[in-house]
Every structure is written in structure tokens, then in C-alpha cells.
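Kindly produce the complete structure, drawing on both the sequences and the hints.
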Amino acid sequence: MAAPKPRVKVPKKASQGEVITIKTLISHPMESGQRKDKKTGELIPRKIINKFSCEFNGQVVFSCDLDPAVSANPYMEFNAKVNEPGTFKFTWVDDDGSVYETEKKITIE
Amino acid sequence: MAKVVKHVAVLFAGVMLGGSTAAFAGGPSDDKLVIDDEIEIITRTAAPEGHPLDEVISGWHYRTEETRALEADSFQNPGMLYVERGEEIWNTVDGAAGKSCASCHGDDGEFLKGLGANYPKWDEANNRPINIELQINACREANMEAKPYKFDAADQKALTTYIKHQSLGMPVEVDLTQGEMKSWWDKGEELYYTRTGQLNLSCATCHEDYNGNYIRADHLSQGNVNGFPTYRLKQSSMVSLHNRFRGCIRDTRAEFPAAFSDDLMALEVYVTWRGSGLSVETPAVRQ
Chain F
1 MAAPKPRVKV PKKASQGEVI TIKTLISHPM ESGQRKDKKT GELIPRKIIN
51 KFSCEFNGQV VFSCDLDPAV SANPYMEFNA KVNEPGTFKF TWVDDDGSVY
101 ETEKKITIE
Chain B
1 MAKVVKHVAV LFAGVMLGGS TAAFAGGPSD DKLVIDDEIE IITRTAAPEG
51 HPLDEVISGW HYRTEETRAL EADSFQNPGM LYVERGEEIW NTVDGAAGKS
101 CASCHGDDGE FLKGLGANYP KWDEANNRPI NIELQINACR EANMEAKPYK
151 FDAADQKALT TYIKHQSLGM PVEVDLTQGE MKSWWDKGEE LYYTRTGQLN
201 LSCATCHEDY NGNYIRADHL SQGNVNGFPT YRLKQSSMVS LHNRFRGCIR
251 DTRAEFPAAF SDDLMALEVY VTWRGSGLSV ETPAVRQ
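These protein sequences, in sequence, are chains F and B.
Counting in this note's numbering, the first sequence runs from 1 upward without gaps.
Counting in this note's numbering, the second sequence runs from 1 upward without gaps.
In case anyone wonders, no lab produced these hints; they're calculated from the structure.
Covered stretches of chain F (in silico footprint by chain B; criterion: 3 or more residues with CB under 8 Å from a CB of chain B, positions within the stretch not fixed):
| id | stretch |
| --- | --- |
| 1 | 22-28 |
| 2 | 63-74 |
In silico lysine-lysine, DSSO-like type, Cα no more than 27 Å apart, as pairs:
| id | chain 1 | residue 1 | chain 2 | residue 2 |
| --- | --- | --- | --- | --- |
| 3 | F | Lys39 | B | Lys150 |
| 4 | B | Lys150 | F | Lys5 |
| 5 | B | Lys147 | F | Lys39 |
| 6 | F | Lys47 | B | Lys234 |
| 7 | F | Lys38 | B | Lys234 |
| 8 | B | Lys234 | F | Lys39 |
| 9 | F | Lys51 | F | Lys104 |
| 10 | F | Lys23 | F | Lys5 |
| 11 | B | Lys99 | B | Lys121 |
| 12 | F | Lys51 | F | Lys23 |
| 13 | B | Lys234 | F | Lys23 |
| 14 | F | Lys51 | B | Lys234 |
| 15 | F | Lys104 | F | Lys89 |
| 16 | F | Lys9 | F | Lys105 |
| 17 | B | Lys32 | F | Lys9 |
| 18 | B | Lys234 | F | Lys9 |
| 19 | F | Lys38 | B | Lys150 |
Label-pair ranges, simulated between beta-carbon atoms:
| id | chain 1 | residue 1 | chain 2 | residue 2 | range |
| --- | --- | --- | --- | --- | --- |
| 20 | F | Lys23 | B | Asp155 | 26 to 34 Å |
| 21 | F | Lys39 | B | Thr92 | 23 to 31 Å |
| 22 | B | Gly169 | F | Lys23 | 21 to 29 Å |
| 23 | B | Glu66 | F | Pro45 | 24 to 32 Å |
| 24 | F | Asp96 | B | Ala96 | 30 to 38 Å |
| 25 | F | Glu31 | B | Asn143 | 31 to 39 Å |
| 26 | B | Gly179 | F | Lys9 | 43 to 51 Å |
| 27 | B | Gln287 | F | Pro68 | 18 to 26 Å |
| 28 | F | Asp96 | B | Pro52 | 51 to 59 Å |
| 29 | B | Asp251 | F | Gln34 | 21 to 29 Å |
| 30 | B | Gly212 | F | Thr21 | 32 to 40 Å |
| 31 | B | Thr67 | F | Lys9 | 14 to 22 Å |
The beta-carbon is built from N, C-alpha and C at its ideal position, and this holds for glycine as well.
Here you go:
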């Protein structure tokens, strides 16, 4: 597949103190490093997303480490309480050091 | 000692309960599939005339609750990644003629609406049925002057997925009056009921006689193909119809025909007809 592409679903508006649901998905093969190439018999090097984090106005609201057992195209869903308008920043860290980022703004109604 | 006995008794009751639950849960689920709370999918419908079963049921009903939920939310559905990729391919120029699919067919998906629900079709030029994959290749060669895709190339699967997805929710209908479609249907029917392989199984053994039951850990569906190409969790990827046909035949421990061969095209015509009236679900999510 093409380069990993993050996707995020965050409501555009929330009322103050509301708990919202955030959904994230990134296209990624999550190669475990434990499979062998059928033709050469050699190990296919590990390449997974090993960290994910979500910050709101600079403060971490959710983060996790990922391990080789996680399937391709990891999907994560979590909740966050919104007390003020601001920006959610999402970060995925790849084994090769690449960092994939995206942001979503939310306003208070 | 008494404690141990009690433990065994509980375990036994558990097994009994497990057994009866499995038998109860063996049939298709009663849920309704509505994608994103918007698009109602026909997953059960009256069988077409001449069909051996009374009702045709989508494979969605035979999957676990978690897998069913994945398909009901287009954001969670990993197959949608391939729909996006397919759209990119649709709009990308390839080949000596300097054209993309969109150059002739537009980029708004209007041209494709309903198209994927009516394949396979009769191909007058080649005097045999044609499916989406072969149609793409025919177009690439004749109009784009590009190389045809090899079977199951990543781009072939993504583009096919994108094209079929434009008919999401629309009922599958194969026109058997075109050309010699009926004789291919006949051939497909014959293959469907022919036992093959060391295990001596026909398509009908599992998908007609025993659908709703378990074959080891796998819950047998009616084998309808309205969701293809399908995202299979097992492969973490899209699986094309002919790949699935070959997988099934391989599992009977038979030699399997080449993709797009006469045998598999006949089977595609027949099996697609068996799911007439079900909505296109592409990309469906399966086990």
C-alpha cells in the first residue's frame, strides 16, 4: 500500500465538559518481524507503529505502546473530556523513525 | 474431594450449555445492517426463481458481533482504505494514451453508480462473460494503452473495490438473457454441485446443505458473493472473488483452476446469481 495515511474522527463541536468519542485509523502493514519470506526463507524485518499518542492543547489525553501482535491498519477508539476549545494532535511513531501526524480542532458551543 | 467433584460437575454443565448454545447460535444472526446509520443493506431477501433455498442470506449474518460491527461503521471498516486507494488510481493517468479512468468516465462516481451490481456481464467481443477485473484490464489495454493488471495485483484489488463500492446498497442483479449467459450459468451450476478433491466436497455441500453449521471453527455461510472484494481479517487485506474461489477449492484438496478461467467465470456467473437481490456490500468485512 501507499504511505501510511492517518484518519481521525472528532466531533467539530462539543458542550463544555462533554465526554466525546474519538476514532482513529492509520493504514499500515504492521509487519510483525516474525514472518519469513516464502521465496528466500529470510525473516521479513519488523515494521510496526510502536507508539500512538493524542494531545489536547499540549496535554496528553491518551497514549499507548503497540506491539507486534497488533493487526494491520490499527484502529483506536477512546474518550476525552472537553473543557475548552482547542486542538487535538495525533501522533503515530513508526519503527523506522517516521512520524505521522494529524490535527483536529474542536469548538465549544 | 467433594470440591473437585463439584468442579467437574460445573465443567460438565458448562460443556452441555456450550453445546446447546452453539447449536442455537448456529444460524444466521437476526441483526439488521445499516452502514453509518444511513445506508440500509439488504442482507436477507426472497430467493430468485429456481433457487434451491427459500431465502438468500448475506455472509454478514454468519460473522461474529465484532466483525459485523466493523462493517456497519465505514470509518472502522479497514476495506475503506482500499476504496480510497482505488479512487486515487481511478484519477491517475497511466499508459501511453495519457488517460486515466476518469478521463472517459468522470471523477464523480456517477458513471459507476449501480454498475458493479450488474456484473458479470456478457462480453460480445470475446464471446464469454466479463467481470469487473477483466473489464478494467480490457479498458487499460484498449483505451489507456497500459499494461493489464496481473491477477490480484494490489492496484487491481483496490480499483475493483472502489468500483463496486459505488454500488453500495444496490441489489445484485445478473442479466442472464444477454448473449450466452444462460449456458455459462448452466456450466456454473454443474460445477457448483460437482464434488472435488480428496475431501470430496462440492460448493453445495458446505454452502447449501450445511450453511449455518460449523466446519471446525468456521461458521459456514451461504457463500454469497455480494460483498466482494472482501476485507478478510485473516489476511488483513482485500480478497478477490477468484482468490476466494481458489481458496475454497484448495481446501477440498483439489487442484484449483486459474483465475478468470472458463470454470471460474462460469462459477462467478452462477454464484453471483444465487445472491440476487442482496445489496452490494463491498468492501464487506469477514473473518
